[in-house]
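Put together the whole structure using the sequences plus the hints.
From first to last, the protein sequence lines stand for chains A and B.
In short: position in the first sequence from 1, add 167, done, that's our numbering.
In short: position in the second sequence from 1, add 3, done, that's our numbering.
These are calculated hints, taken from the structure and not from any lab test.
Model, not experiment: these values are computed from the prediction.
Heads up, a few of these hints could be off.
Said to hold, decoys possible - Covered by chain A, per the in silico footprint, the following chain B stretches (three or more residues, Cβ under 8 angstroms): (1) 164 to 172; (2) 190 to 199; (3) 282 to 295; (4) 302 to 314; (5) 322 to 328.
To be verified - Each pair of labels, with its calculated beta carbon distance range: (6) A/A359 x B/L95: 52 to 62 angstroms; (7) B/Y154 x A/S293: 50 to 60 angstroms; (8) B/I124 x A/K345: 46 to 56 angstroms; (9) A/K586 x B/I55: 53 to 63 angstroms; (10) A/E251 x B/G115: 25 to 35 angstroms.
Backbone N, C-alpha and C fix where the C-beta goes; we use that ideal spot for every residue, glycine too.
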Amino acid sequence: MKARKSLAAAAVLAAGALVLTACSSGGSGSGSTASSAAGGGKVTMTFWHNSTTGDGKAYWESTVKDFETANPNVTINIQAIQNEDMDGKLQTALNSGDAPDIFMARGGGKLADVVAAGQAQDLTKSIDAATKSAVGDGAFSAFSVDGKVYGMPVAVLPGGIYYSKDLFTKAGITSTPKTMADLNDAVTKLKAAGIEPIALGAKDAWPAAHWFYFFALRECSKDTMAAAAKSRSFNDPCWTKAGQDLQTFAATNPFNQGFLTTSAQQGAGSSAGLIANHKAAMELMGAWDPGVIASLTPDAKALPDLGWFPFPAVDGGKGDPAAMMGGVDGYSCSAKAPKECAKFLNFAMQKQYQEGYSKAFQTLPASKDAQSAVTDPALLDILKAYNNAPYVSVWLDTLFGQNVGNALNSGVVNMLAGKGDAAGIVKATNDAAAKG
Amino acid sequence: MSDSLGENSPTLTTSPEGPSAVGGGARTAPSPARRPRRGSGPDWRKRLEITILAGPAILVFLTFVIFPVLMAAYYGFYKWKGFGRPTNFVGLHNYVVIFQDPTFHQALMHNGFIVVLSLIIQGPAAVALALLLNQKMRGRSIIRVLIFVPYVISEVIVGTGWSLMLQTVGAVNSVLEKIGLIHHPIDWLSNPKLAIWSLMLVISWKYIGFAVILFLAGLQSIPEELFEAASIDGASYWQTQRRITLPLLGPTIRIWAFLSIIGSMQLFDLVYIIWGQYVSSTAGTSTMATYMVTNGRNAGNYGFGNAVAVVLFVISLIVALIYQRFVLRRDTEGALTEGKK
Numbered sequence: 168m169k170a171r172k173s174l175a176a177a178a179v180l181a182a183g184a185l186v187l188t189a190c191s192s193g194g195s196g197s198g199s200t201a202s203s204a205a206g207g208g209k210v211t212m213t214f215w216h217n218s219t220t221g222d223g224k225a226y227w228e229s230t231v232k233d234f235e236t237a238n239p240n241v242t243i244n245i246q247a248i249q250n251e252d253m254d255g256k257l258q259t260a261l262n263s264g265d266a267p268d269i270f271m272a273r274g275g276g277k278l279a280d281v282v283a284a285g286q287a288q289d290l291t292k293s294i295d296a297a298t299k300s301a302v303g304d305g306a307f308s309a310f311s312v313d314g315k316v317y318g319m320p321v322a323v324l325p326g327g328i329y330y331s332k333d334l335f336t337k338a339g340i341t342s343t344p345k346t347m348a349d350l351n352d353a354v355t356k357l358k359a360a361g362i363e364p365i366a367l368g369a370k371d372a373w374p375a376a377h378w379f380y381f382f383a384l385r386e387c388s389k390d391t392m393a394a395a396a397k398s399r400s401f402n403d404p405c406w407t408k409a410g411q412d413l414q415t416f417a418a419t420n421p422f423n424q425g426f427l428t429t430s431a432q433q434g435a436g437s438s439a440g441l442i443a444n445h446k447a448a449m450e451l452m453g454a455w456d457p458g459v460i461a462s463l464t465p466d467a468k469a470l471p472d473l474g475w476f477p478f479p480a481v482d483g484g485k486g487d488p489a490a491m492m493g494g495v496d497g498y499s500c501s502a503k504a505p506k507e508c509a510k511f512l513n514f515a516m517q518k519q520y521q522e523g524y525s526k527a528f529q530t531l532p533a534s535k536d537a538q539s540a541v542t543d544p545a546l547l548d549i550l551k552a553y554n555n556a557p558y559v560s561v562w563l564d565t566l567f568g569q570n571v572g573n574a575l576n577s578g579v580v581n582m583l584a585g586k587g588d589a590a591g592i593v594k595a596t597n598d599a600a601a602k603g
Numbered sequence: 004m005s006d007s008l009g010e011n012s013p014t015l016t017t018s019p020e021g022p023s024a025v026g027g028g029a030r031t032a033p034s035p036a037r038r039p040r041r042g043s044g045p046d047w048r049k050r051l052e053i054t055i056l057a058g059p060a061i062l063v064f065l066t067f068v069i070f071p072v073l074m075a076a077y078y079g080f081y082k083w084k085g086f087g088r089p090t091n092f093v094g095l096h097n098y099v100v101i102f103q104d105p106t107f108h109q110a111l112m113h114n115g116f117i118v119v120l121s122l123i124i125q126g127p128a129a130v131a132l133a134l135l136l137n138q139k140m141r142g143r144s145i146i147r148v149l150i151f152v153p154y155v156i157s158e159v160i161v162g163t164g165w166s167l168m169l170q171t172v173g174a175v176n177s178v179l180e181k182i183g184l185i186h187h188p189i190d191w192l193s194n195p196k197l198a199i200w201s202l203m204l205v206i207s208w209k210y211i212g213f214a215v216i217l218f219l220a221g222l223q224s225i226p227e228e229l230f231e232a233a234s235i236d237g238a239s240y241w242q243t244q245r246r247i248t249l250p251l252l253g254p255t256i257r258i259w260a261f262l263s264i265i266g267s268m269q270l271f272d273l274v275y276i277i278w279g280q281y282v283s284s285t286a287g288t289s290t291m292a293t294y295m296v297t298n299g300r301n302a303g304n305y306g307f308g309n310a311v312a313v314v315l316f317v318i319s320l321i322v323a324l325i326y327q328r329f330v331l332r333r334d335t336e337g338a339l340t341e342g343k344k
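And the structure:
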């Protein structure tokens with residue numbers, strides 16, 4: 168009697184444990200590894216991306232569907248997560264061991280932190296040779312840590328100045344600025360015509376910092392930039408020079424009124440909104456900008472007179488005037504993800520899907536084979552400059568990682584607000600090192 | 004309850020009238036006399052009752068308040084990026100950095116400024132409004148509701164609304180220009196000299212309704228007879244307010260001040276919504292909480308951020324304890340010492 172009772176109790180306990188494990192594996196991505204190891208069984212993966220609306224969302228849904236049709240044993244659960252929530256959610260998910268199998272990544276120092284914690288999968292050997300040659304080393308380098316590749320780039324987003332052709336014509340500017348003197352001249356003409364010259368979303372800090380990054384790109388040589396990426400210190404005088412350049416430029420009041428509390432992408436009052444509604448003439452941004460501007464125009468269609476020119480050359484700068492800076496959007500596999508993760512990423516890199524990506528997101532595809540899908544005139548100008556660039560640097564805040572990047576961004580905003588100078592930016596980054 | 008007591012405990016059978024006596028309120032008085040005869044059984048039961056009733060609350064409190072505080076203290080001793088387990092033990096390094104950081108000093112000063120000004124601005128204004136709204140007059144309940152509405156609206160909506168209105172090209176400047184008070188738009192949000200006053204404006208607007216409602220409730224509890232007696236004695240309106248209303252409103256004012264101080268110490272959402280993730284320290288409106296988010300979460304320095312959280316907790320705790328000890332003491336005296344009787 169007694170023995171039977173304890174046996175029953177053990178059975179109940181075991182059943183409870185089973186239910187618990189079933190629950191935890193059902194909700195997690197890591198559970199999929201077990202089922203794929205069972206051999207030829209069903210594989211379920213979770214996939215996090217940041218397109219919560221419109222064409223981008225539809226693109227991922229149809230691409231995943233095609234992949235599932237081609238691989239009937241694989242099921243992919245898509246979760247679209249608001250871009251601003253992505254970092255925090257991913258961090259929580261990685262810490263709880265409940266990581267998504269496929270997640271969005273932007274390379275640089277942020278990805279390096281994930282890699283250092285052993286949470287990202289080494290994809291070096293999983294990437295198709297065709298994909299490798301179509302993308303090229305440049306974009307892969309953003310996802311490389313110690314010579315190993317931890318992510319698949321899907322789009323390249325080089326930066327430059329977007330401008331309204333109509334407003335330039337109205338102000339009597341005949342050609343796009345090639346040097347800083349030209350840019351100053353354009354600013355003066357626009358002001359005289361009663362147009363705000365440059366929209367700047369300094370509330371988000373990074374758009375303001377981009378001005379510093381580009382001055383640094385023109386002032387510092389390629390080797391200096393590469394050395395700083397490793398040492399994360401800014402001892403070369405070119406960094407201070409870049410800060411001074413920005414200070415001098417900001418002293419001419421080129422930015423929109425109240426730029427410190429202007430956000431970058433939210434609503435008609437944001438910097439992208441000012442461009443979309445012809446309230447300001449120029450904006451320094453990455454290649455995602457035409458898409459953002461299009462969503463903020465009164466009729467929610469692409470701005471017809473949007474043009475693009477590269478950041479102007481700086482007198483006596485050591486950087487190549489044709490060098491570019493930008494970001495790379497891509498996807499990584501979590502450490503525990505099944506091998507089908509890499510398979511899916513290779514699948515999405517085929518020409519037709521990259522062309523679809525380029526159209527859905529109105530941006531430049533990472534695969535050079537798919538470049539023919541780009542038709543937007545502003546994007547075509549960027550593409551030309553990008554293909555001709557001697558080298559491409561990643562955004563400095565991405566390159567240096569969250570901590571230093573964050574301090575760098577705040578330092579630049581402080582300087583633009585009149586609190587501190589170029590030396591203050593350098594000091595802010597050194598102070599940040601103590602906190603990380 | 005009384006049935007089960009009767010069934011299970013033999014000690015109760017010695018007083019047969021016990022279970023029936025429970026029903027009559029007037030006859031519950033003899034129960035203390037029975038206590039010595041009960042033995043260990045009911046004592047154990049009483050403990051069980053306390054455990055069952057208080058257990059869930061204690062469990063929730065330990066899990067979601069005490070445990071996170073301890074974890075924050077633990078993480079605060081590490082340099083930690085938030086991925087995996089913290090391994091890089093740095094001792095008190097994070098705390099040294101916090102107390103040497105001028106940005107933190109500024110945030111602390113802003114907090115102090117907000118604490119003091121909230122009391123100075125909202126206190127007298129709310130007392131005045133409460134006295135006014137305690138009078139019988141037309142449209143009183145509508146005015147009461149209108150004053151309380153801002154407190155009910157979510158911080159995010161208030162922050163978004165005011166940040167749009169206070170923009171350089173926003174509604175506030177537009178109105179001021181149209182009625183001819185100013186000729187150039189004023190930079191309400193990004194001018195470091197003005198920004199914190201703009202913040203005080205929004206805070207006062209938002210939270211004064213709460214103070215007014217508290218004071219109104221306090222005014223209701225003052226016995227009418229006192230006012231009658233005062234008027235018979237020939238006291239003027241202002242004498243009545245000064246000698247009767249304000250002293251008797253004292254406990255309410257002290258409790259409100261306590262809530263206001265704690266709220267000001269931990270102010271986060273309004274600043275974060277209006278000034279965003281980055282520019283609050285530039286505009287001179289950063290608080291300890293925004294400092295924590297900027298340098299902890301946004302910078303990816305989770306170990307450092309946890310250390311800031313601990314500092315914020317300790318500072319708030321010290322302020323709260325001092326206030327309780329020296330100001331709230333006589334209000335809470337009865338409640339705290341009752342058990343010792």
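Unmet hints by their number, sorted upward, for this structure: Checked against the structure, the only hint that fails is number 5, while the rest are satisfied.
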